[in-house]
Amino acid sequence: MATQAIRPVRKLDERHLARQRWARAGWVYGAMLALAVFFIGPFYVAFLGSLKDNPLEWPFRYSFAQTQPKNWAAAWRLGQLGAGNPWTGGFAPGAEIPFQISYFLEEGQEPEPPTVTVPTRRAGAGLGAIFDEVQAAQYAQVSEVQEVNRRPAVVGGRPGQIVTYAFTIRYPKGDATANQPTVPRLPLDVEAPRGQQYYAATLDPNRLERRGRVASWDSVTPGFFGYVFRNYVRVFNEARDPNTGASFFLRWTANSFFVSLAVVLTTLLFASLGGYALARMYLPGKNYLFAFIVFSMTVPSQATFISNYLVLRDLGLLGSLWGMIVWSAVGAGAVFIMKQFFESIPREIEEAALMDGATPVTTFFRIILPMAAPALGALTILTFQGMWNEFFKAAVVLSGQQASYTLPLGLSFFRSAYGVAGDWGLMLASAFLSMIPIIILFVVFQRYFVEGVSTSALKG
Amino acid sequence: MLRSQRTEALYALLFLAPFLIHLGIFFVFAFVRTVGFSFTDATLIGQSSRFVGFSNFVELFREPRFLAALTHSISFMLVVTTLQTFLALALAAVLNQRLRGITFFRTVYYIPSVLSSAAVTVIAIWFFQKTGFLNTFIGYIGSVAPVLLAFGGLFALAQAVQVGWERWRGVPVPWLDPALATISLVVALALTWGLVGLGVVRPLEARPPEFTWLTNPDRFLGIPIPLWSIVILNTFTTIPTLMLIFLAGLQDIPKSLYEAASIDGATPLQQFFSVTVPMLRPVTFLVITLSLIGTLQMFDQVALMGDAAPLDSIIVLAYYVYNNVFSGEGQVGLASAAALILAGLTFAIVLLQRALGVSEKAH
Numbered sequence: 037m038a039t040q041a042i043r044p045v046r047k048l049d050e051r052h053l054a055r056q057r058w059a060r061a062g063w064v065y066g067a068m069l070a071l072a073v074f075f076i077g078p079f080y081v082a083f084l085g086s087l088k089d090n091p092l093e094w095p096f097r098y099s100f101a102q103t104q105p106k107n108w109a110a111a112w113r114l115g116q117l118g119a120g121n122p123w124t125g126g127f128a129p130g131a132e133i134p135f136q137i138s139y140f141l142e143e144g145q146e147p148e149p150p151t152v153t154v155p156t157r158r159a160g161a162g163l164g165a166i167f168d169e170v171q172a173a174q175y176a177q178v179s180e181v182q183e184v185n186r187r188p189a190v191v192g193g194r195p196g197q198i199v200t201y202a203f204t205i206r207y208p209k210g211d212a213t214a215n216q217p218t219v220p221r222l223p224l225d226v227e228a229p230r231g232q233q234y235y236a237a238t239l240d241p242n243r244l245e246r247r248g249r250v251a252s253w254d255s256v257t258p259g260f261f262g263y264v265f266r267n268y269v270r271v272f273n274e275a276r277d278p279n280t281g282a283s284f285f286l287r288w289t290a291n292s293f294f295v296s297l298a299v300v301l302t303t304l305l306f307a308s309l310g311g312y313a314l315a316r317m318y319l320p321g322k323n324y325l326f327a328f329i330v331f332s333m334t335v336p337s338q339a340t341f342i343s344n345y346l347v348l349r350d351l352g353l354l355g356s357l358w359g360m361i362v363w364s365a366v367g368a369g370a371v372f373i374m375k376q377f378f379e380s381i382p383r384e385i386e387e388a389a390l391m392d393g394a395t396p397v398t399t400f401f402r403i404i405l406p407m408a409a410p411a412l413g414a415l416t417i418l419t420f421q422g423m424w425n426e427f428f429k430a431a432v433v434l435s436g437q438q439a440s441y442t443l444p445l446g447l448s449f450f451r452s453a454y455g456v457a458g459d460w461g462l463m464l465a466s467a468f469l470s471m472i473p474i475i476i477l478f479v480v481f482q483r484y485f486v487e488g489v490s491t492s493a494l495k496g
Numbered sequence: 549m550l551r552s553q554r555t556e557a558l559y560a561l562l563f564l565a566p567f568l569i570h571l572g573i574f575f576v577f578a579f580v581r582t583v584g585f586s587f588t589d590a591t592l593i594g595q596s597s598r599f600v601g602f603s604n605f606v607e608l609f610r611e612p613r614f615l616a617a618l619t620h621s622i623s624f625m626l627v628v629t630t631l632q633t634f635l636a637l638a639l640a641a642v643l644n645q646r647l648r649g650i651t652f653f654r655t656v657y658y659i660p661s662v663l664s665s666a667a668v669t670v671i672a673i674w675f676f677q678k679t680g681f682l683n684t685f686i687g688y689i690g691s692v693a694p695v696l697l698a699f700g701g702l703f704a705l706a707q708a709v710q711v712g713w714e715r716w717r718g719v720p721v722p723w724l725d726p727a728l729a730t731i732s733l734v735v736a737l738a739l740t741w742g743l744v745g746l747g748v749v750r751p752l753e754a755r756p757p758e759f760t761w762l763t764n765p766d767r768f769l770g771i772p773i774p775l776w777s778i779v780i781l782n783t784f785t786t787i788p789t790l791m792l793i794f795l796a797g798l799q800d801i802p803k804s805l806y807e808a809a810s811i812d813g814a815t816p817l818q819q820f821f822s823v824t825v826p827m828l829r830p831v832t833f834l835v836i837t838l839s840l841i842g843t844l845q846m847f848d849q850v851a852l853m854g855d856a857a858p859l860d861s862i863i864v865l866a867y868y869v870y871n872n873v874f875s876g877e878g879q880v881g882l883a884s885a886a887a888l889i890l891a892g893l894t895f896a897i898v899l900l901q902r903a904l905g906v907s908e909k910a911h
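These protein sequence lines are chains L and S, in that order. Basically the numbering used here = 1-based index in the first sequence + 36. Basically the numbering used here = 1-based index in the second sequence + 548.
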């Protein structure tokens, strides 16, 4: 368990040595933890950033509105009050939302109720702004603001008082014939007169402006996801195809799955066929062919993509997922891996089958392929991961056809569409969403990833 | 016999057919065509093209952007390969332990390498913003530097006192005795906490960051700062892969060598340099080659940076080729010539490695 101190230390007694061993193990574990923080830490802080309203805020906070259980509970409850939907919220006819907000006033200031408005606010920047959304402002009615509580307090060393106001937002239910939609969001602006400073509210606001006088919410009925994972929900809701209105991100995810799975299938079939022929069958000049395949792996794809682009253009496959599949159908690396595998299994079995008069084709599909299951498993994982992350080929084949983007190209598109507006919440959220399948695959099949890299590299 | 061989060869060709057709169209034909294009003035939209000899290559070496891309690519390759190889080897040496839970840690360290370059680059761009996490973190370390220094000094002092005491008593403990270091750690933590509490040592005030990574026009060691950001990013994401290759190599070194060395009285550091490093030489060669080729052909990070950084400060050969084909009227001829230079550089590295590798085996 602990590392062995083989070094002969003459005068240290056994007890001292044992103490040294334990302490060394402790330091090694400490070092490993520190390294784990180094490799995972950046993703953790970026994930925190993806939950924030302003991921670029300075100073960086590790605890903020979205990480506080008080707000989780409030967002859940308000979502239920708004549209009976505790997860993603909304604002439905008949809703009645009580809300409270408190301000701090320095001594000598006379409290004055704030102005409450339900503003007309478009969803986000970039693509989201194209669509006309039903606005809650058309249907919401805000009750009179009433003072409910007043208590003395010291905030930031200054004596004063905290005043709490309450109001209700209603969505009056019309008669049965009235056309009353459920509105996705209920934005809110509360502006206090000069001298009053925001202190607390039923739900913490998304933004505070003018030294805490103006508090604004993207939705006061957000539901749990709508508040904590606001940017993640926006990834699906806001970025939509201007022509069809379909969510881009869902489309890209489906595209990525389609391309990756199709390429896994073609690679498994063609690479195992080719690898088997190279490993076992008689073919004059086989070694030269193999050397050429190895050589082809070192040539950068930039040296071949121009012609491939033109070929796919002539085939009418540009901007189509099929173009990517055809281009990636089988790679030299995959054939290489399968050849190495087939060379490592004993010859006797297939020879027995061939003696019985079976053709190579039958032998291959009946006997060889089932034996190759472990190698095929590893190849599946590696190919899927490779295609899921493939950026260069997607950039060449799919450019300009947003509806047929795969996720990496989609992320690049988001970066240029939202980067100008600095909408980092949405960009970070989409990056994390695009990782989920690979992370699941990695957690389940980590053995293949970790061993695949080291063994295949060393054999080559 | 001959007839059966001929049948088998036919079957082999049949089995290889899909792969060979694919290789023929998407590699052989494509490569030959690139060579052909490089001697013409072909464009992506233009129908006709004419033979222009070597003028594309001549023009490339007159174009400032290409020269920038070439210098960037080569310096990027050298810097990143050096960093990656040393860091990956150091990490692998630390990780090469028989400890419970070591596989868990290896899995965790590998995560940055399996994620897509697109997602990681988007996160990295956020990291490198002016008020992004990197600057925040550097600023934080800067502001708590007095505390860290006090802690380091106290730790060294506590350790020195303890080791001195033990040696005075006649116990030959090494300077970095782990058991004593644990005590020094606790002592130093307690004393630092006390000093901070008393206000003797206090952190400096954190100031808003001013350093920009991605839009900085300055250079460091001749490499633009934005390209350094990509150096950091690429090193971070590739270390785990190389580390795993080193680990597999480390585990192949026979334990008896270390035992022999330790009987001869070699310290762990001496063992590392006279056993580990020479035994790992073939693996190191492989890692360096992989890293050189990978960094020379780096494309994704630059393309994904897009307008987050000025193009001329991050452009590399691979992106230069792509950019020339897909911007403006698409200078296919010029881009092909640049692509051939990139391929030629890669090939030179592989040949160099082969030549060195062979002589290595001969010894």
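Hints in this document: simulated from the structure, not taken from any laboratory. Hints should not be assumed to be uniformly reliable.
Pulled from the structure, derived: some chain S residues nowhere near chain L, Cβ distances all over 10 angstroms [said to hold, decoys possible]:
#1 TYR559
#2 SER596
#3 THR619
#4 LEU631
#5 VAL670
#6 TRP723
#7 SER822
Output of the computed footprint for chain S on chain L, the stretches with three or more beta carbons under 8 angstroms from beta carbons of chain S [stated by the list, open to error]:
#8 69-76
#9 214-225
#10 305-316
#11 437-448
#12 458-465
Positions of the beta carbon are idealized from the N, C-alpha and C atoms, including for glycine.
Do the hints match the structure? See the list:
1. Against chain L, the non-interface label of S:TYR559 is violated: not every CB pair exceeds 10 angstroms, the least being about 4 angstroms.
2. Listed as outside the interface, S:SER596 is consistent with that label: its C-beta sits roughly 15 angstroms from the nearest C-beta of chain L, beyond the 10 angstroms cut-off.
3. Distance check on S:THR619: its Cβ is at least 18 angstroms (rounded) from any Cβ of chain L, clearing the 10 angstroms threshold; non-interface status holds.
4. No Cβ of chain L comes within 10 angstroms of the Cβ of S:LEU631; the nearest lies about 14 angstroms off, and the non-interface call holds.
5. Once the 10 angstroms rule is applied to beta carbons, S:VAL670 is inconsistent with being away from chain L; the minimum gap is 4 angstroms.
6. Even its closest Cβ contact with chain L, about 13 angstroms, leaves S:TRP723 beyond 10 angstroms, as expected for a residue assigned away from the interface.
7. For S:SER822, the shortest C-beta to C-beta distance to chain L comes to about 15 angstroms, beyond the 10 angstroms cut-off, and the non-interface label holds.
8. Residue count for the stretch 69-76 of chain L with a Cβ under 8 angstroms from a Cβ of chain S: 4. That meets the three needed, and the coverage hint holds.
9. Counting residues of the stretch 214-225 of chain L whose CB falls under 8 angstroms from any CB of chain S gives 0; the rule of at least 3 is not met.
10. With a cut-off of 8 angstroms between beta carbons, the stretch 305-316 of chain L has 8 residues touching chain S; three or more are needed, and the interface restraint holds.
11. With 5 residues having a Cβ less than 8 angstroms from any Cβ of chain S, the stretch 437-448 of chain L passes the three-residue criterion, so the hint holds.
12. Coverage of the stretch 458-465 of chain L by chain S holds. Counting CB-CB distances below 8 angstroms, 3 residues qualify, and the rule asks for three or more.
Violated hints for the displayed structure, listed by number in ascending order: 1, 5, 9.
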